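J.: Chains A and B supply the protein sequences, listed in that same order.
So for the first sequence, the numbering used here puts the first residue at 9; every next one is plus one.
So for the second sequence, the numbering used here puts the first residue at 1350; every next one is plus one.
No lab work stands behind these hints, which were simulated from the structure alone.
Just so we're clear, the structure is a prediction, and the values are computed from it rather than from any experiment.
Since no wrong hints were added, every one of them can be taken at face value.
Straight line, CA to CA, 16 Å or less: simulated EDC-like cross-link-like pairs of lysine to aspartate or glutamate: (1) A:297 with A:328; (2) A:100 with B:1528; (3) A:111 with A:91; (4) A:100 with A:228; (5) A:263 with B:1528; (6) A:309 with A:285; (7) A:111 with A:64; (8) A:100 with A:330; (9) A:298 with B:1528; (10) A:100 with A:328; (11) A:297 with A:228; (12) A:298 with A:285; (13) A:297 with B:1528; (14) A:297 with B:1526; (15) A:49 with A:91; (16) A:100 with B:1526; (17) A:298 with A:228; (18) A:263 with B:1526.
Pairwise CB distance ranges (calculated): (19) B:1441 with A:26: 56 to 66 Å; (20) A:53 with B:1525: 30 to 40 Å; (21) B:1525 with A:120: 15 to 25 Å; (22) A:314 with B:1525: 16 to 26 Å; (23) A:53 with B:1441: 52 to 62 Å; (24) B:1525 with A:33: 37 to 47 Å; (25) B:1525 with A:37: 33 to 43 Å.
Backbone N, C-alpha and C fix where the C-beta goes; we use that ideal spot for every residue, glycine too.
The chain contents come next:
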Amino acid sequence: MLMTVLLLLAVQDESLLERLEREISGVVRRVRPSVVSVEAKRSEMIRLSGIVYRADGCILTDAGAIAGADSIRVTLFDGRSFEGRPVGSDFKTGIAVLRIDAKSLTPAEFGTTRELRSGAFAVSVGNAHGLEGSASVGTLAGLDRSIRVSGRRYDGMIQLTTVAHPGDCGALVADSRGRVIGLIHSALGSEEAEGELFRLWKDFFGRPLGGAITFAVPAETVQFVADRILKHGRMIRGWIGMSVRTAESGVEILKLEIGGPARRAGLRRGDRIVAWDGESVGDAAALQKKVEACEEPRIVKAAVVRDGVRIDVDLRVEIEPERK
Amino acid sequence: MNCDDIRDLMPLFVGGEAEDNERIAVEAHVSVCSECAAELEEFRRARAALVDLRSEEPPLEVVEGVGRNLHPRPLLGADWFVRAAAVLVVGIAIGFLGVTLVRKDADSGAGGVPAVRRSAALVSPGPGSRSRFAGSGQEWNDVFEERETRRFPVPRADRPEGQHYLPRAETVTITGERDF
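Build the full structure now, drawing on both the sequences and the hints.
T.: Structure (structure tokens):
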């Protein structure tokens, strides 16, 4: 009883802000050993961040940065440096897997964004402008965002208020328990959108202003892609060649890829998929997850509504062709 | 070369310090330009007279000839040196006083805005200072901040060359569209 009272009294001495500071520092301290810096030698040296995925030397980083690199160097938080060998890259999500000859690394503990809500705490640790272990605190600002980077669309991204600077690409984002919820992908900003002030900043400092709207690949996607690449040597996902969006009931087909399995099966633009493989279809993201989960070609029975008439279709889910 | 160019070369030519091509140019020009030839002759006589000049006063025509080639102004008297020396002494005294006042205010931590202004002409901020002698107190305080910083340099992170990578999201579209 006395000990309880003493403990309570001790706790009262710490202010809420001090406790918050202690918690956040603890998260940074916990994840820091899992953050690495990556240097890719291309026409010039590209510097970014990476995450230790497995203790046996598996590193995750950004696919676009290391594409076509002559050599890759990975530096751990303790200063040790290794040559990075690409295992595979997935340009649809921007995730790349590297291998280094290092053992007993500290892999990051992965969480999930499924239970997160906007406003949840987010702590990012990266290498902003080459400053290793730069930490930033913010919140989860949104889920399931679609963005466009260099003409390519990325879906299902999480939006954060943590500030990302050049060099932070590939950095990890952790929740309040220090579990990875995302891998930093990009930051909002363009020459047109940023305005005169930001252009002046860029002209003066020679670099763009750090973005306060940061996008990250969610942890589930990162793990899904990384595991597939490690298992098969390249990204393997199911594919039927169509663009869809969530409709009132089911999923509406917007576009069909020429020569793709969906078009060959007779599906048409405007068709509404209401059942897939014997189960009702929730939304576009859920159907995408079901299709991409396939690791080998298979036939799937789907139910489609066209002009109010239900049609049963046999679809062959194939493996997505490799694209850059 | 024109007459002005030749005139500029005359002292070197007369003093035997002209380069070969310059000497040739002068000789060629004076052989066809009577005015420059006359001027060159004056230079020669003036130099000869200066060489021989000791306690004697120079011939009037030499003085006049030299004067024509200089900016027209009254000849300074012997007290010129006294006046120049007096100005120099006063300037040194002001400078010494100003530096003393500046050091005193900086050491006493009195804020120093008025004292800094008094010594405005004497404080020369180092490279990188933001001060612009505009008379703003904050700008002058920045001078001391810069100097303090130079005395205790702040360690800077080592940032090797190379491009630090972070793609820019060009547009944000929330359409719920998925491709697979």
